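Asker: So the sequence lines, in the order shown, correspond to chains A and B. Heads up: the first sequence begins at 2 in this note's numbering, then just goes up one per residue. Heads up: the second sequence begins at 2 in this note's numbering, then just goes up one per residue.
The set of hints was computed from the structure by calculation and includes no laboratory data. It is possible that part of the hints are untrue.
Any copy, or any two copies together, can satisfy a pair, since identical chains are not distinguished.
Said to hold, decoys possible - Under the rule of at most 20 Å between Cα atoms (straight-line distance), these lysine to any residue pairs were calculated in the SDA-like manner:
(1) K439 with D169
(2) K405 with L96
(3) K121 with Q238
(4) K439 with E429
(5) K354 with E306
(6) K439 with Y328
(7) K305 with G450
(8) K118 with S263
(9) K122 with E60
It should be emphasised that the depicted structure is a prediction, and the values quoted were computed from it without experimental measurement.
Number of protein chains: 2
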Amino acid sequence: MDWREELRALLPHERFTVNATELDRHSRDESYHTPHAPDVVCFPETKEEVSRILRFANERRIPVVPFGVGSSLEGHTIPYRGGISLDMTRMNRILQVYPEDFLVRVEPGVTRTQLNKELKKYGLFFSVDPGADATLGGMAATNASGTTAVRYGVMRDQVKGLEVVLADGRIIRTGGSYVKSAAGYSLTGLFVGSEGTLGVFTELLLRVYGLPEAIVAARVSFPTVREAVATANSLMQAGIPIARVELLDAESIRQINREHESHYEEAPTLFLEFHGNEAGLAQDLRFAQELSAENRGGSFFFEKEEEARAKLWEARHHLAYSFIHGYPGRKMMLTDVALPLSELAGAVELARKLLDQYGIPGGVLGHIGDGNFHTVMMVDVEDGEEMKRAEEMHAHLTEYALDKGGTCTGEHGIGVGKIRYMRREHGEGVELMRAIKKAFDPENILNPGKIFPQEESGR
Amino acid sequence: MDWREELRALLPHERFTVNATELDRHSRDESYHTPHAPDVVCFPETKEEVSRILRFANERRIPVVPFGVGSSLEGHTIPYRGGISLDMTRMNRILQVYPEDFLVRVEPGVTRTQLNKELKKYGLFFSVDPGADATLGGMAATNASGTTAVRYGVMRDQVKGLEVVLADGRIIRTGGSYVKSAAGYSLTGLFVGSEGTLGVFTELLLRVYGLPEAIVAARVSFPTVREAVATANSLMQAGIPIARVELLDAESIRQINREHESHYEEAPTLFLEFHGNEAGLAQDLRFAQELSAENRGGSFFFEKEEEARAKLWEARHHLAYSFIHGYPGRKMMLTDVALPLSELAGAVELARKLLDQYGIPGGVLGHIGDGNFHTVMMVDVEDGEEMKRAEEMHAHLTEYALDKGGTCTGEHGIGVGKIRYMRREHGEGVELMRAIKKAFDPENILNPGKIFPQEESGR
Numbered sequence: 002m003d004w005r006e007e008l009r010a011l012l013p014h015e016r017f018t019v020n021a022t023e024l025d026r027h028s029r030d031e032s033y034h035t036p037h038a039p040d041v042v043c044f045p046e047t048k049e050e051v052s053r054i055l056r057f058a059n060e061r062r063i064p065v066v067p068f069g070v071g072s073s074l075e076g077h078t079i080p081y082r083g084g085i086s087l088d089m090t091r092m093n094r095i096l097q098v099y100p101e102d103f104l105v106r107v108e109p110g111v112t113r114t115q116l117n118k119e120l121k122k123y124g125l126f127f128s129v130d131p132g133a134d135a136t137l138g139g140m141a142a143t144n145a146s147g148t149t150a151v152r153y154g155v156m157r158d159q160v161k162g163l164e165v166v167l168a169d170g171r172i173i174r175t176g177g178s179y180v181k182s183a184a185g186y187s188l189t190g191l192f193v194g195s196e197g198t199l200g201v202f203t204e205l206l207l208r209v210y211g212l213p214e215a216i217v218a219a220r221v222s223f224p225t226v227r228e229a230v231a232t233a234n235s236l237m238q239a240g241i242p243i244a245r246v247e248l249l250d251a252e253s254i255r256q257i258n259r260e261h262e263s264h265y266e267e268a269p270t271l272f273l274e275f276h277g278n279e280a281g282l283a284q285d286l287r288f289a290q291e292l293s294a295e296n297r298g299g300s301f302f303f304e305k306e307e308e309a310r311a312k313l314w315e316a317r318h319h320l321a322y323s324f325i326h327g328y329p330g331r332k333m334m335l336t337d338v339a340l341p342l343s344e345l346a347g348a349v350e351l352a353r354k355l356l357d358q359y360g361i362p363g364g365v366l367g368h369i370g371d372g373n374f375h376t377v378m379m380v381d382v383e384d385g386e387e388m389k390r391a392e393e394m395h396a397h398l399t400e401y402a403l404d405k406g407g408t409c410t411g412e413h414g415i416g417v418g419k420i421r422y423m424r425r426e427h428g429e430g431v432e433l434m435r436a437i438k439k440a441f442d443p444e445n446i447l448n449p450g451k452i453f454p455q456e457e458s459g460r
Numbered sequence: 002m003d004w005r006e007e008l009r010a011l012l013p014h015e016r017f018t019v020n021a022t023e024l025d026r027h028s029r030d031e032s033y034h035t036p037h038a039p040d041v042v043c044f045p046e047t048k049e050e051v052s053r054i055l056r057f058a059n060e061r062r063i064p065v066v067p068f069g070v071g072s073s074l075e076g077h078t079i080p081y082r083g084g085i086s087l088d089m090t091r092m093n094r095i096l097q098v099y100p101e102d103f104l105v106r107v108e109p110g111v112t113r114t115q116l117n118k119e120l121k122k123y124g125l126f127f128s129v130d131p132g133a134d135a136t137l138g139g140m141a142a143t144n145a146s147g148t149t150a151v152r153y154g155v156m157r158d159q160v161k162g163l164e165v166v167l168a169d170g171r172i173i174r175t176g177g178s179y180v181k182s183a184a185g186y187s188l189t190g191l192f193v194g195s196e197g198t199l200g201v202f203t204e205l206l207l208r209v210y211g212l213p214e215a216i217v218a219a220r221v222s223f224p225t226v227r228e229a230v231a232t233a234n235s236l237m238q239a240g241i242p243i244a245r246v247e248l249l250d251a252e253s254i255r256q257i258n259r260e261h262e263s264h265y266e267e268a269p270t271l272f273l274e275f276h277g278n279e280a281g282l283a284q285d286l287r288f289a290q291e292l293s294a295e296n297r298g299g300s301f302f303f304e305k306e307e308e309a310r311a312k313l314w315e316a317r318h319h320l321a322y323s324f325i326h327g328y329p330g331r332k333m334m335l336t337d338v339a340l341p342l343s344e345l346a347g348a349v350e351l352a353r354k355l356l357d358q359y360g361i362p363g364g365v366l367g368h369i370g371d372g373n374f375h376t377v378m379m380v381d382v383e384d385g386e387e388m389k390r391a392e393e394m395h396a397h398l399t400e401y402a403l404d405k406g407g408t409c410t411g412e413h414g415i416g417v418g419k420i421r422y423m424r425r426e427h428g429e430g431v432e433l434m435r436a437i438k439k440a441f442d443p444e445n446i447l448n449p450g451k452i453f454p455q456e457e458s459g460r
């Protein structure tokens, strides 16, 4: 009997499909990476079902690739070796909010906007906000971040505990409801960012924050990207506890204006947000305006009302889609370098220059308060010559960042798209990661072919 | 030839001793745990020397226990299986400060006060402050924290990169000078808190912070510990970004008054510190006083001047020594539970009650903004009956914390003193930790007998 039929028989009704539309939907992500279909898609609804699927897959050595909403940008969810796409979106319950402990317990298929809608009732919010409305399981798997990392940190800072199904079907729990612990190795931190290669998350315990007393958003334009970045650096140096500081170059603003019919000045711009108490925030704002003026920043346009703020940040979060809509037929390749703050201005300038030099349409944008930015490259995957140029440019900027003590990926993860930089960035550390992978998943069934350089891989 | 003579021959002059005084000094920590001497003490001065020692030890299967200033509280640095005590204190250079990147690169033997003295020149500070003037390598090894974790986080949040010598002598680097990364597994976070069982740190890249514009310290007394804890909880719920909030019970204040000839009111007290800009801090202070008054708090005694603040915090940091001086001939056993904030008041009350009930002299104190507190138990290690009672009380409180979703150790680490709780706290997770240990240190030479429950250990 075909393994697919055996697997189907193991599961309750409607947890399993080989429907062509579903196979296709689970064959791709939101990037330029070549799609590849799984053999089957499973939709587990409980940890026990996840455990049963993994135990079966482990015995048969069938690849398993966890899947959320497929908003990955580096091919993480593409099952290049076929097997099972494990769609976690039916496990989408918010299990419990613990307002006094600033914690929430969720299933992995809950999305960030679903969670924030619920948390608002308690005066709380979840801070991590990648552009996509991703699942929290997926965000934990890639150690995602977004616009607020500069103040609140990344996914690894928010995940306080996990329930994980291991490759052999064992179900374990890590971490707990306390703020801190020194009890043994940090398994939670190890699973976060492991991109589905060490286990499948079936529950997450997440840190949440009280909504600040006062929030003000602002935008301000500059003659050049260098001056915009210099202002962001000054804000950090001054110790202003800014909650968001996003760079958008002129081309990014153009895409926003086109998509949202807005009329922002089409120049390098910072989108800012300040959180605090009323008095402290007023002082921070005055100081920020002074620092901006010193770098030839224009007037601050303030958004104090929640609706206006939401519109500004929606435009920012939606920017990747705006680029996609702005370049029909093209796909998105992204650089995701993060650098020491002192090296950021040079790298952002270089990125803007390289787009022109390599003749790739796109823009530069990012979370520059934490040293991470993206070059959006809108590529025609059918045009081999252009793809080659785009890859060269991607490598050029990433090598530059690594030379300056940076990382090849600040928040998107390795997937398949950044594998080539793993050895360069981590050296012998890759062997330690591989040793961990082997200890946790000896049959290499969990998202095989991701993170680790292929040529050295055992299978 | 004796292995000790072979090892001596491998090293430059004065890196090796079997002097009885030195063996004795490296046989103990600051707690009640039974001393045990190493066979030799080595004082490496370079990573290459550390590598040479480990390679030798690995080939001969000789235990190696890294040692800083010996301020551990759970026996981490006690070489219960003999072998080599690896004293890292000669590697005590501050290698480079990167003010723009908010980073500093240090050798592991640098102590926290040594570092802060240097950072002050740049308007920066390092946030983590355990009571002892510990080495940064030791603090990283135990994922130490202290009074500021509530605002700035624990050691794992500050260590951005490491140079590590592995058991077989390989030298690797983890992390880097960027704020965030999603490139592969978090090796840095795994090494932090590994208590010398996975590798020996020879360099640390640490996050530092700009000195805040305004700092105000305050103390305020309460009729009962419950009301003090309730006030701390209210401060957290109100979202006041407090930098320090420490509980001291009446007995702890008595020890401070005796040791420092101060005249603080001998009642349950909070020591507080606020960091921010002038305007914001003034608003925070007003709000904090209101919340305190609602819980029957007395007047706030403010310390705005640096010297007065330093005196207050020195009294707090020195409190463990004050207890030791207050009970000559007795040794210190400490609970170190951390609980969900909603469970803290009950646990603190229980701790205070248990001291009376079990008839153990001591006090209750701790970092209650992050849910972590200590019961100081001053024990007579020669009195078997009292030791039994102390152990029972220790277990009583720790089991209570685990029942409430807490951890057995918020900041002191497992060492040998908390091993009995590992299985209870982590369940099957212990097996994953063991798998990592085996992958990194197959000969089990690195601090053997620590962290892992003995009865299941391979050797």
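Asker: State the violated hints by number, sorted upward, taking the hints as numbered earlier in the document.
Answerer: 5, 6, 7, 8, 9
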